[in-house]
Amino acid sequence: MEQLLDALRQIDYIFLIAVALRAATPIVFAALGGIYSERSGVVNIALEGIMLTSAYVCYKFAVITDSPWLGMLAGVLSAVAIALLHGLISIRYRTDQVISGTVINIFAAGITGYLYRAFQSQASAPYLPNISIEGLKDLPVIGPIFFDQPMLVWVMLIAVFATNVIIFKTKWGLRTRAVGELPRAADTAGINVNRMRYANVAISGLMAGLGGAFFTLQTVSYFTPNMTSGQGFIGLAAMIFGNWNPINAFLASMLFTIPQALAGQFQLFNVPLPYQLLSTLPYLLTIITLAGFMRRSTPPSALGTPYVK
Amino acid sequence: MRNFSFAKLWSGAWPAVASVFLALVVAGLVMVVTGSDPIKAYTSLIEGAFLRPGTDTRPTAFLDTLVSATPYLILALGISLAFTAGLFNIGAEGQLYMGALASVMVGFLVKGLPPIIHLPLSLLAGAVMGALWAGIAGWLKATRGAPEVVTTIMLNYISYSVVNFMVNGPLRHTGTAPRTPDIEPSAVLPNMLPSPERLHWGFVIALLCAVAYYFLVYRSPLGLRIRLVGANKEAARYAGIQVNRTYLITMLISGGLCGLAGGVEILSLYRFMPSEFTTGYGFDSIAVALLGQGNPIGILLAAILFGALANGAGYMQFSSGVSNYIISVLQAFIIVFVAAPGIVRDLFGWIRIKRAAPALPAKGGTK
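Top line first, the protein sequences correspond to chains A and B. No gaps in the numbering here: position 209 of the first sequence is 209 in this note's numbering, and each next residue is one more. No gaps in the numbering here: position 188 of the second sequence is 188 in this note's numbering, and each next residue is one more.
Hints listed in this document are in silico derivations from the structure and should not be mistaken for laboratory results. Cβ atoms here follow ideal geometry from the backbone N, Cα and C, with glycine treated the same way. Check before you lean on any hint, since a few could be wrong.
Label pairs and their computed distance ranges (CB to CB) [as the list claims (entries may be wrong)]:
(1) R345(B) to L268(A): 55 to 61 angstroms
(2) K171(A) to G240(B): 46 to 52 angstroms
(3) G175(B) to F15(A): 25 to 31 angstroms
(4) P225(A) to Y270(B): 21 to 27 angstroms
(5) V32(B) to N226(A): 23 to 29 angstroms
(6) N243(A) to R58(B): 40 to 46 angstroms
(7) D148(A) to G321(B): 42 to 48 angstroms
(8) W154(A) to L63(B): 45 to 51 angstroms
(9) P53(B) to P225(A): 31 to 37 angstroms
(10) V33(B) to N270(A): 50 to 56 angstroms
(11) P225(A) to S319(B): 20 to 26 angstroms
(12) N226(A) to P190(B): 32 to 38 angstroms
(13) F318(B) to F161(A): 48 to 54 angstroms
(14) P194(B) to N243(A): 30 to 36 angstroms
Taking beta-carbon pairs under 7 angstroms as the criterion, some of the chain B residues facing chain A (in silico) [claimed, not checked]:
(15) V150
(16) I153
(17) L208
(18) V211
(19) S323
Take these sequences, add in the hints, and give me the full structure.
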């Protein structure tokens, strides 16, 4: 107890928030990807595999071209391609979307592991730059949180607000939500349901692709098999906990990562806590939300149903 | 299966066999493109999985394939049962973890029992734990409409943390590595053959599960209800079947099988609980269940195939230099071709694949 209070006094909370924001970045990207896809009616549990694929391709191309930008471009393109594969299997061939997602996850883990072993290299990838603004970064509180962060943290924050505008304030978003809620009615109104779904699944890949880039171009400069370690699924949890709303999904991600960052600090101060149990928080909260014990989450009503004219 | 005939069996098995064959071809192409020799890889894979004879220090390859097939078989039966009711149990891995943990706990905490009681008790603990763990998802589905796809995924991650916590904390043995103490000898699931063979009685348990699955699904009133709910839950409801109750019971049995798989694996091969017990069996078994198409014989053959892939992969990597990750690629292609026969049709217009009624959920989704 003494140790706990002592630690609570000594922890640098600004630093803690900055760490949590970084940790939340790939989770938020995955959640945003999930929002685009699921708002249009396509379940996407393949986000994990898409991020992993992008992480590998980003690494490989950044090393080959010696440019993190070209690496990121290649990674994001590969992510969009894999997402479209998910779209093809689930929209065109109407395979159960959960099965399709499971397939993509198994495939991504296999192919990245295989390529990693087949072309093993010790080379480290060049990093994407950090946004570190002289003057601003010394500001109290917001300086360390916002103005001394990896570039993709900023891209993520912009993507959160952009997604919010796109989904709720644009024609595109209206159409996306229409094909996810009532595809028949949307079709009658002249919207090409499956084309909207393909497009949104592709954007979903773009988002997860940026999430993948965060692993190999901003966090560490190498690739290891299965390095995304379930972050895509936490993103899915954040999406559900945030009720398919971008801002809420972002807040949910922070809610998931702040306790993690706090646990990291406690460990430094040798506070005896069951850390493993703390890490179950995102999953527990998601189950509780889904069960409607806090407030009922309302997924798009046509989610998971292929559209047949 | 009342009118059993090989012709009928073959017409159901044909899409699965074609899918496996196509997947081998496509994975072979992946190897060619990346500069590996698929012929050499597949030859050594078959050798490592089936043909290598045993020596004084090395188990017979085929018998070891059956060892690897054991958890696949039990898990896939559990997953397939859920499919039959239109449920998607992605939580097999977590149920396996929790089942293994419970079996080990009874295995080392309970002392002084004769094996005839201790071993069944330990296995039962695993099955009950798995059933309860899946039962959470089943109960939330039945009472609150929470989608089992998502809840079982979340429960997977919770189970990893629980096991990790228990093994590093309350159950940790006194040695250096984070693991539990060894189970009592009376709780060990023994080998069927003398060392170095590893084939254990768990394989027989798995076969018994397959027989029980057949009688449950195709010969019992409960099985009929499960199949009706899976085929059309509205019609089932009109027919007076309590759909939600059937969901809960199905998840309990499905999780019970997955928990049993964990118990069998841990009481035979490990005999203690390690902190890193990442088997991946729970996910691969989804593929086994899909490939088996809801038929216990199909699931048995699919489990042996996947056991062979798992068992032969090590030797393949050693002898041909092709990474064993290619096995996952191969497995992914197998499921794609099984689950989306349209792709195969479009790829090879001349192949006519008759779609046997696969036991898939009628409609998926995180709804």
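Hints, verified against the model:
Checking the proposed 55 to 61 angstroms range against R345(B) and L268(A) shows it holds: the Cβ atoms sit about 59 angstroms from each other. For the hinted restraint 46 to 52 angstroms between K171(A) and G240(B), the CB-CB distance of approximately 48 angstroms keeps it satisfied. At about 37 angstroms, the CB distance of G175(B) to F15(A) disagrees with the hint of 25 to 31 angstroms. Against the hinted window of 21 to 27 angstroms, the Cβ-Cβ separation of P225(A) and Y270(B) comes to about 23 angstroms, which satisfies the hint.
Between V32(B) and N226(A) the beta carbons are some 25 angstroms apart, a value that agrees with the proposed interval 23 to 29 angstroms. Checked against the hint of 40 to 46 angstroms, the pair N243(A) and R58(B) fails, with Cβ atoms roughly 56 angstroms apart. Checking the proposed 42 to 48 angstroms range against D148(A) and G321(B) shows it holds: the Cβ atoms sit about 46 angstroms from each other. At roughly 57 angstroms, the beta-carbon separation of W154(A) and L63(B) lies outside the given 45 to 51 angstroms, and the hint is violated.
The hinted range of 31 to 37 angstroms is satisfied by P53(B) and P225(A), whose Cβ atoms lie roughly 33 angstroms apart. Checked against the hint of 50 to 56 angstroms, the C-beta distance between V33(B) and N270(A) comes to roughly 52 angstroms, which is consistent with it. Between P225(A) and S319(B) the beta carbons are some 21 angstroms apart, a value that agrees with the proposed interval 20 to 26 angstroms. Between N226(A) and P190(B) the C-beta distance comes to about 34 angstroms, which sits within the given range of 32 to 38 angstroms.
The given range of 48 to 54 angstroms is respected by F318(B) and F161(A), whose C-beta atoms sit roughly 52 angstroms from each other. One distance hint, 30 to 36 angstroms for the beta-carbon pair P194(B) and N243(A), is violated here, with the actual separation near 60 angstroms. Annotation: interface hint on V150(B) holds; nearest CB of chain A at approximately 6 angstroms, less than 7 angstroms. For I153(B), the interface hint holds, the least distance from its beta-carbon to any beta-carbon of chain A being 6 angstroms, beneath 7 angstroms.
This hint is violated: L208(B) has a C-beta 28 angstroms from the nearest C-beta of chain A, more than the 7 angstroms allowed. For V211(B), the interface hint is violated, since its Cβ never comes within 7 angstroms of a Cβ in chain A; the closest pair sits about 27 angstroms apart. For the restraint placing S323(B) at the interface with chain A, the shortest Cβ-Cβ distance is roughly 4 angstroms, inside the 7 angstroms limit, so the hint holds.
Violation of the numbered hints given earlier is confined to hints 3, 6, 8, 14, 17, 18; the remaining hints are satisfied by the structure.
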